[in-house]
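Asks: Sequence:
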Amino acid sequence: MTHNIKQIKMDYQNIKVPESLKQKVESSIEQAKSDVEKDTVTNRSEGKKSCIFRVWTARLCIGVAAAVLALAILVNMNASVACAMEKIPMLGAIVRVINFRAYLSQDGKMEAKVRIPNVQVENQEGEVMESPTKNLNDNIQAYTDEIIAAYEEDVRAAGGEGVQAVDLDYEVVTDNEKLFSLQFHQTVTMADSSQSERIYHIDKASGEMITLKDLFQEGADYKTSISKNIKEQMKAQMERDDSKIYWLDSEIEEDNFETIADDVDFYISDSGKLTIVFDEYEVAPGYMGVVSFEIPTDAVADMVKEGYLTV
Numbered sequence: 024m025t026h027n028i029k030q031i032k033m034d035y036q037n038i039k040v041p042e043s044l045k046q047k048v049e050s051s052i053e054q055a056k057s058d059v060e061k062d063t064v065t066n067r068s069e070g071k072k073s074c075i076f077r078v079w080t081a082r083l084c085i086g087v088a089a090a091v092l093a094l095a096i097l098v099n100m101n102a103s104v105a106c107a108m109e110k111i112p113m114l115g116a117i118v119r120v121i122n123f124r125a126y127l128s129q130d131g132k133m134e135a136k137v138r139i140p141n142v143q144v145e146n147q148e149g150e151v152m153e154s155p156t157k158n159l160n161d162n163i164q165a166y167t168d169e170i171i172a173a174y175e176e177d178v179r180a181a182g183g184e185g186v187q188a189v190d191l192d193y194e195v196v197t198d199n200e201k202l203f204s205l206q207f208h209q210t211v212t213m214a215d216s217s218q219s220e221r222i223y224h225i226d227k228a229s230g231e232m233i234t235l236k237d238l239f240q241e242g243a244d245y246k247t248s249i250s251k252n253i254k255e256q257m258k259a260q261m262e263r264d265d266s267k268i269y270w271l272d273s274e275i276e277e278d279n280f281e282t283i284a285d286d287v288d289f290y291i292s293d294s295g296k297l298t299i300v301f302d303e304y305e306v307a308p309g310y311m312g313v314v315s316f317e318i319p320t321d322a323v324a325d326m327v328k329e330g331y332l333t334v
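Residues in the sequence shown are numbered consecutively from 24, following my numbering.
Hints are computed from structural coordinates only; laboratory data are not their basis.
Fair warning: there could be bad hints in the mix.
Only pairs whose alpha carbons sit at most 27 Å apart, straight line, appear in this in silico DSS-like list of lysine-lysine [to be verified]:
1) LYS227 with LYS296
2) LYS328 with LYS246
3) LYS136 with LYS236
4) LYS236 with LYS296
5) LYS236 with LYS246
6) LYS201 with LYS236
7) LYS258 with LYS227
8) LYS267 with LYS201
9) LYS267 with LYS254
10) LYS258 with LYS201
11) LYS254 with LYS328
12) LYS246 with LYS227
13) LYS136 with LYS157
14) LYS201 with LYS246
15) LYS201 with LYS328
16) LYS157 with LYS267
17) LYS267 with LYS296
18) LYS267 with LYS246
19) LYS236 with LYS258
20) LYS251 with LYS236
21) LYS267 with LYS227
22) LYS201 with LYS157
23) LYS251 with LYS157
24) LYS254 with LYS296
25) LYS157 with LYS132
26) LYS157 with LYS258
27) LYS328 with LYS227
28) LYS254 with LYS227
Label-pair restraints from in silico Cβ distances [unchecked claim]:
29) GLY185 with ALA125: 20 to 30 Å
30) ARG138 with GLU317: 19 to 29 Å
31) LYS157 with ASP302: 20 to 30 Å
32) THR320 with GLY183: 51 to 61 Å
Since the structure is predicted, the reported quantities are computational estimates derived from the model, not experimental observations.
Ideal Cβ placement from N, Cα and C applies to all residues, glycine included.
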């Protein structure tokens, strides 16, 4: 394998710029120079402005031709430059939070603070991609409306005697060349508190919302591989720390963690690793809070689509 790579590098470095290409570019440059001289002399009657425009245009052509020749020579002379050029990402959608609104409510000892972002998906020309933008914001709206409706129902049921605090905030947890991920953190405090997460993802290549399965090749059994790794991490954590408990061998079998759900929350960490997130009480007792597991890329390397994860 090492020999093959070295041979490929040598072959690439020995690629020559065709002599015919050099001659064609040089001929074009000379012709452009000649045209500039002719235009300067024969078109004086058209005025100084026209002459300057023609000279500027010709110079631009010369510059472009020279740049093309230089680029061709540079790439053919230096394999590392060619490799670096191949790694330049394709430009995709731009996703950003442009503003937010807040739902604030207080009724006796019951209060809610909900921040609702307005997200915009744009193409490289800065034009808003209407359908993806609406789809993402509609999902966010439905999620936050549900939280607000539940709080308001609790207020009515409590009749002014309840004690509760609902807090919902968000952050951009992933914003790389491939993905934009917006994570919501919800905390509901009464006699105790409970935490939950919700994460939405935009694939920048298409501008569309995606779920975990979209990161993997068609038909790949990614859920089994990820779930197996999570169980291994759970067991290792419990062996190292007696205070950590996960539901793996509970007497109540339906509580035991077996496999991740289709809509499991996830994000890609700053190190390029897939991170799976579980709400409080989902796979462990409430005191453990929200728990997450970073999945080694080699555990799913043979099934993940190119570019999403870092080895």
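Asks: To test your reading of the hints: which numbers does this structure violate?
Replies: 3, 7, 8, 10, 16, 21, 23, 25, 26 and 28
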